[in-house]
Amino acid sequence: MHNQESTAAGRHAETAPAATDIRMETRKLSVFYGDTAGVNDVSLSMYNKKITALIGPSGCGKTTFLRSLNRMHDLTRGARVTGQALLDGSDIYAPKVDPVTVRRRVGMVFQKPTPFPTMSIYDNVVAGLKLVGIRNRAVLDEVAEKALRGAALWDEVKDRLKAPGGGISGGQQQRLSIARALAVEPEVLLMDEPTSSLDPQSTIRIEELMSELKKQVTIVIVTHNMQQASRISDYTAFFYVGDLVEFNPTAKMFTNPNQKRTEEYITGRFG
Amino acid sequence: MAAAPSTYELVRRTPPLLYRWLGDRIFAVLVTLFGLTVMGLAISLAVVLFWEGSEAIKTFGFWGFLIGTTWDPALTLTFGTFPFLIGTVVTSVAALALSFFPALAVAIFSAEYAPRWLSHIIDALVDLIAAVPSVVVGIWGIFVLAPWLRDHFYLPLYMWAAESRPELLPIIGSPMGYGMTTAVIVLALMIVPFTAALSRDAIRLVPKAQREACWALGATRWEVIRMAVLPYARSGIVAGAILSFGRAIGETMAVAMLIGNKNTLPFDLFGPAATMPSVIINEFREAVENLHLSSLMAIGFYLFLISLIVNLLAAYIQRKMMVAGGRSA
Ligand SMILES: Nc1ncnc2c1ncn2[C@@H]1O[C@H](COP(=O)(O)OP(=O)(O)OP(=O)(O)O)[C@@H](O)[C@H]1O
Ligand SMILES: [Mg+2]
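Residue numbers (the working numbering), protein chains in the order written: chain X, 1 to 271; chain P, 1001 to 1329.
Hint data in this document are derived by calculation from the structure and do not stem from the laboratory.
These numbers were taken from a predicted model, which means no experiment stands behind them.
Glycine is no exception: its CB is placed at the ideal position from the N, C-alpha and C atoms.
Just so you know, not all the hints are guaranteed correct.
Said to hold, decoys possible - Using C-beta positions, here's what the derived DEER-type ranges look like:
no., chain 1, residue 1, chain 2, residue 2, range
1, X, ARG27, P, ARG1319, 51 to 57 angstroms
2, X, GLY268, P, ARG1012, 37 to 43 angstroms
3, X, GLN201, P, PHE1304, 53 to 59 angstroms
4, P, THR1220, X, ARG77, 16 to 22 angstroms
5, X, GLN201, P, ASP1024, 42 to 48 angstroms
6, P, TYR1008, X, GLU156, 52 to 58 angstroms
Unchecked claim - Using 27 angstroms as the maximum straight-line C-alpha spacing, the simulated DSS-like pairs for lysine-lysine come out as follows:
no., chain 1, residue 1, chain 2, residue 2
7, X, LYS162, P, LYS1208
8, X, LYS158, X, LYS130
9, X, LYS112, X, LYS130
10, X, LYS112, P, LYS1208
11, X, LYS146, X, LYS130
12, X, LYS49, X, LYS215
13, X, LYS112, P, LYS1320
14, X, LYS130, P, LYS1208
15, X, LYS162, P, LYS1320
16, X, LYS252, X, LYS215
17, X, LYS214, X, LYS252
18, X, LYS146, X, LYS162
19, P, LYS1320, P, LYS1208
20, X, LYS158, X, LYS112
21, X, LYS50, X, LYS215
Whenever a hint applies, use it, and build me the whole structure from the sequences.
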């Protein structure tokens, strides 16, 4: 069954539009938890300054795949990655690559907002910069403002930058997490259901934000929300039990998918 | 025979009223009783200590007794606990200072660095050390540690000072091996497991999401610990340190065996000294004079007050430094 799925994915990869420039790309990437595969032989391209949405039913490996793109699995006991993940053409799993460097280039925003609660809003935003040793106050101020503006949070917090990062609303916390990820100017931003715990207002703000952000960064987003995927993404990848079933431009995916299963999922007949 | 009642019926059947009422009451009464007993015990302990010590406190005054520097049970029957207060404060502060960072290092290593099997071993050892009776630690101190410290540390230093810096001799004091420094070192060893275990638990409670958020920013392992783990766990770590401090204040046996027991100020670095618990255990058997016995009780009362304050402080600091609610976790 798995073979069938991946050949299907392979066939449709051919019909995908020509790769103008690929920022990140996996080749036969699999992730194992112990002996069971969470993701199976996935080959997927993520285009520069585009938004790629990962969709699929719960437990199909979206998070697992996303976390393989910045080597987060290195931290999970028993998790193992095989295959390749290329960032600008070079494999981030190559022997001499330092995962810390990879994570600086490939940022991540999690499902739940994760501000550091003992730090101020300001310190949260510049946390990544302090890690690389930037201490110059003027530089930090400038980056903090830029990142907070980028995350559409500046106006709401500019008067209380010294307030604790945990003392703002959930939606604001999530935008703070995004600002923190943006401050280090990553090339790729991974987002795992970033709006699933937020109200519609905050969700819309973050969606607008992503459309703005893709002028600079390549975004990969996991979402359970089909409308969201169709609204904001340029490409969509449909996963099913660890396999990539279909990858296509979002417009095609949502109007005329190649796979029956994709159609069934998108139209809500299972999942 | 009638059909067995359905679950629906069973669930809705009115239960025996008396049974429910009684069960509820009995449980409430029992729980309240035990709760009150503990409170009553603590209060009656304080009251008894104060009552028994009241003769001394009346004679020398509440503060007078605390800051009186003369402890003379033989001739003048004058009692002031200041030397022991100083002894207690200095030994426990020094023991905490000496043990805090090593204990924190053990906690970090066990919680963050060690592979699982090794951290199990470390945890077991930490618990084991905490469980060694203090009289056993004291014996080890008397026969192993104190002679070793004397030969390799106190005596050489003393000789060096006698030759080249004689003005330091009064500060250094007698290099016998039984005295303040030895007591501090042993106390430090005894509280390491407490600080380590409490810090380790606080560190393990830091949510995975906090660590991952930090990793995702491109932090190294140590940076994750410094930036995400320790700040989040700080309230538990500090409370653990204060509780260990409380233990150091109250530790009796090992200190009494090693501190050399000298009842007059000034104390010096290596020479003998005494603490509030050590003087109680050393003298209660020989206290024939009423005032003497009452003074020992009064020391117990002040010790009780100090422990109470330390524990309240720990609770306060923990609440104060606690990461706000669950919302930001
Ligand atoms: N740490 C782990 N250890 C073992 N198995 C795991 C682990 N994380 C995920 N899995 C398994 O891997 C598979 C894929 O999980 P993953 O979290 O990637 O799914 P998902 O598509 O993100 O689901 P959801 O939409 O519910 O978030 C699941 O079968 C899951 O049980
Ligand atoms: Mg997921």
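Right, here's what the structure says about each hint:
| no. | hint | result |
| --- | --- | --- |
| 1 | ARG27/X / ARG1319/P: 51 to 57 angstroms | 53 angstroms, holds |
| 2 | GLY268/X / ARG1012/P: 37 to 43 angstroms | 39 angstroms, holds |
| 3 | GLN201/X / PHE1304/P: 53 to 59 angstroms | 57 angstroms, holds |
| 4 | THR1220/P / ARG77/X: 16 to 22 angstroms | 19 angstroms, holds |
| 5 | GLN201/X / ASP1024/P: 42 to 48 angstroms | 47 angstroms, holds |
| 6 | TYR1008/P / GLU156/X: 52 to 58 angstroms | 53 angstroms, holds |
| 7 | LYS162/X / LYS1208/P | 25 angstroms, holds |
| 8 | LYS158/X / LYS130/X | 20 angstroms, holds |
| 9 | LYS112/X / LYS130/X | 23 angstroms, holds |
| 10 | LYS112/X / LYS1208/P | 12 angstroms, holds |
| 11 | LYS146/X / LYS130/X | 16 angstroms, holds |
| 12 | LYS49/X / LYS215/X | 6 angstroms, holds |
| 13 | LYS112/X / LYS1320/P | 25 angstroms, holds |
| 14 | LYS130/X / LYS1208/P | 22 angstroms, holds |
| 15 | LYS162/X / LYS1320/P | 18 angstroms, holds |
| 16 | LYS252/X / LYS215/X | 22 angstroms, holds |
| 17 | LYS214/X / LYS252/X | 20 angstroms, holds |
| 18 | LYS146/X / LYS162/X | 17 angstroms, holds |
| 19 | LYS1320/P / LYS1208/P | 23 angstroms, holds |
| 20 | LYS158/X / LYS112/X | 23 angstroms, holds |
| 21 | LYS50/X / LYS215/X | 8 angstroms, holds |
Hint compliance for this structure: no hint is broken.
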